[in-house]
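Residues per chain, in single letters:
Number of protein chains: 2
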Amino acid sequence: MAKIAIMGFGTVGSGVLEVCRRNAGSIARRAGEPVEVKYILDVRDFSASPDAALFVQDIGVILSDPEVKVVVETIGGTKFAYPFVRQCLESGRSVCTSNKEMVATYGAELLALAKAHDAAFLFEASVGGGTPIITPMHQCLAANTISEITGIVNGTTNFMLTKMKREGMDFAQALKLAQELGYAETKDPGDDVDGRDACRKIAILASLACGHHIYPQNVPARGIRQVGVADVRAADALGCAIKLIAWCRLDGKGGVTAGVEPMMVPFTNQLANVDDVFNAVQMTGDMLGDVVFYGKGAGKLPTASAVVADVVDALKNGAAIHDSLFWKPAAPLAGMMENDRPAPYYIRVKRVATTMLHPITGPGREIFFENGEAGYLIEAATAAQIAQIAEKIETMGGEVCVNLRLLAE
Amino acid sequence: MAKIAIMGFGTVGSGVLEVCRRNAGSIARRAGEPVEVKYILDVRDFSASPDAALFVQDIGVILSDPEVKVVVETIGGTKFAYPFVRQCLESGRSVCTSNKEMVATYGAELLALAKAHDAAFLFEASVGGGTPIITPMHQCLAANTISEITGIVNGTTNFMLTKMKREGMDFAQALKLAQELGYAETKDPGDDVDGRDACRKIAILASLACGHHIYPQNVPARGIRQVGVADVRAADALGCAIKLIAWCRLDGKGGVTAGVEPMMVPFTNQLANVDDVFNAVQMTGDMLGDVVFYGKGAGKLPTASAVVADVVDALKNGAAIHDSLFWKPAAPLAGMMENDRPAPYYIRVKRVATTMLHPITGPGREIFFENGEAGYLIEAATAAQIAQIAEKIETMGGEVCVNLRLLAE
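Keeping their order, the protein sequence lines are chains A and B.
Numbering follows my numbering, with no gaps: position 75 of the first sequence is 877.
Numbering follows my numbering, with no gaps: position 79 of the second sequence is 881.
To be clear, the hints were calculated from the coordinates, so they are not data collected in a lab.
Please note: incorrect hints may appear among the correct ones.
Heads up, the list lumps identical chains together, so a pair's fine if it works in one copy or across two of them.
Result set (BS3-like, lysine-lysine): computed pairs, CA atoms no more than 27 Å apart in a straight line [said to hold, decoys possible]:
| hint | residue 1 | residue 2 |
| --- | --- | --- |
| 1 | Lys805 | Lys967 |
| 2 | Lys978 | Lys1055 |
| 3 | Lys871 | Lys989 |
| 4 | Lys871 | Lys917 |
| 5 | Lys1055 | Lys1102 |
| 6 | Lys1130 | Lys871 |
| 7 | Lys871 | Lys1194 |
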């Protein structure tokens, strides 16, 4: 009988308990022994819960019980999660977490700490919810050098963009619906709609791909607030869907670029057909070519089932996993990563005639003109050039309302 | 330094050597030590090869070298592969293989043999080529009960169906092109076009999902020979693409049904957009919902990279993998599995008026009528009923040229 503890009994944490109980038989078969939740750490009062006996408020109880070999962290954030996870790893206990903020911020340090104490630090659920991404990436693609990762890793914004496309909603309507359905935070939906959540996830995947820590604060990230109904229609006219894309590119010489931005994705690209709350991550390996992992990116039981799979892995293999699931510490960069590769860009402008754009943007063409706004496709520009173009248009009294890079097919 | 041996220096076997050399650095990082190919077993003469020194013709050389811990089997078939793999496992060496015929036929036995000798028997490359399917299935979905698997697992037929759809080729033209491009065997393309290859793969996935051996000879399998240009057009009119689908369904009480058949796949289903030589496998877990794994289903380097990933795994984790990658021996069934679930069926008939069909098929409607043939959609029937319908039509002097079940969205 393997005993585990859960820290943080919120959505995912309570899901972990539920998954452990509902699939106890098959989990036992895979782990080689039954898995039982012995403690649940949570500061709130659960004395009325049928599982009241499991709850503790002091991590010392967990740390002083030699029976507990694996600890699940589902507190979220870093304030409590980070020191607690450190303590668990330092005590030689393996930790399985769904906490992308903690992994994106302290991943290298916690991986090294785990290694030093012969424990495992696993976080499959931090990217893609229940969809297997990190494990196949470091394990099945072990014989590949990964050159590119492109993905839809935020279910909330993908749900909103799908509603905007299919039902003609605008950003505010789609956000309201996402909040009503519990997909977006009611108080501050910024983590999702401004791309911070996606940024943490791509930072984790980029770190794993390149082998050293990539910090979210060095990854330029923007969300979908600027995307309007006119842009969604223009995308359709261009044979594209607008998706919030998290991407990273490795040059094979240690150089890494990454970003999060809404992009025009051609229908011929697999990612264009990924709708609703689904996530999909495409990876390019030098031996393998492209693979795509697709599934629900969030949700209580899907995410919890990924955490429990990590628990099974930690119980079976312990620290042996670490040779492949590992990246080195690195200092943050001084500034932002820059994407200097030119690509076609769609812009929506107002208070400027499209006939005036050509001298500023180079070759391009108008996609639509309505309500004093124009959609315009620039044949090729870098992100820096797009910023310069926006400045120039501003000096002319105009405005670039949104810019969307075209993803290659 | 870890030493390995390769048995069978064909396409995949030579790819394994190439992958080990080209990505030596990253493989060493993941395995925790460099990986070197010490022997290559092949009966053919490679004395002119730059690697001539590695070749041996006697498996005894490998079995008597204690340095060799992991053996790659890429001979194919079962005549030599099976006894050689048995010998390797009996000697306590782990085996990594891409040989779907051997795994589908002897999987349970070889897994038990590996377990008994504290070795690993790994076969990620046997399904989906380089695309990670088996590892995420048994590892990342460890906390799920899998209820359904639906996939495109044969790249050759998917390439042919794509050509038939996009370029209006008929079966013979598409087959000829697939043969010219090396996707289909020239002598006997039957393994691919008659569904035997897909049948072995779904038998492997079904065995892993249900926990006991499912034999290919119990899985009804048919290929795409009957699919004509008219059917491809009818599919389009119905909002579908024709795909060779390998599927299995578990009832949660130990019951398993599986099959391989060309099906009408609605465009709204992820699998409808999987074209060319790509493979995709969709799995439904009780906690997770649907996940899809997508990538190239074949090819020298992709497949070899999956074999090498297994080698890394075997070196790191050895027999520990086996608690989850395992199924029990079972006797073959006396007859074929039967799919008794009703579904809409498309049939193409000749020498019978569609007005005559209604009393035989129950509710349905004509899709097209041309050149004396009619496409007809039956609202609901079981596979057995479709066989009865075909018999009745025959007694009327007509003929059912093809029947295609409609996959649910």
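Taking the hints in turn, this is what the structure says about them:
For the identical chains of this complex, Lys805 and Lys967 are neighbours neither inside a copy (47 Å) nor across copies (55 Å), given an alpha-carbon limit of 27 Å. In the homo-oligomer, the alpha carbons of Lys978 and Lys1055 never lie at most 27 Å apart, since the shortest distance is 45 Å inside one protomer and 43 Å across protomers. With identical chains, the CA atoms of Lys871 and Lys989 are never at most 27 Å apart, being 37 Å at best within one copy and 57 Å at best between copies. Proximity of Lys871 to Lys917 under the C-alpha cut-off of 27 Å is found in both arrangements, the shortest distances being 15 Å within a copy and 25 Å between copies.
Taking the shortest alpha-carbon separations for Lys1055 and Lys1102, only the inter-copy value of 26 Å comes in at or below 27 Å, while the best intra-copy value is 40 Å. With identical chains, the CA atoms of Lys1130 and Lys871 are at most 27 Å apart within one copy only, with a shortest distance of 25 Å there and 29 Å across copies. Taking the shortest Cα distances, Lys871 and Lys1194 never come within 27 Å of each other, neither inside one copy (60 Å) nor across copies (65 Å).
When the structure is compared with the earlier hints, violations turn up for hints 1, 2, 3 and 7 and for no others.
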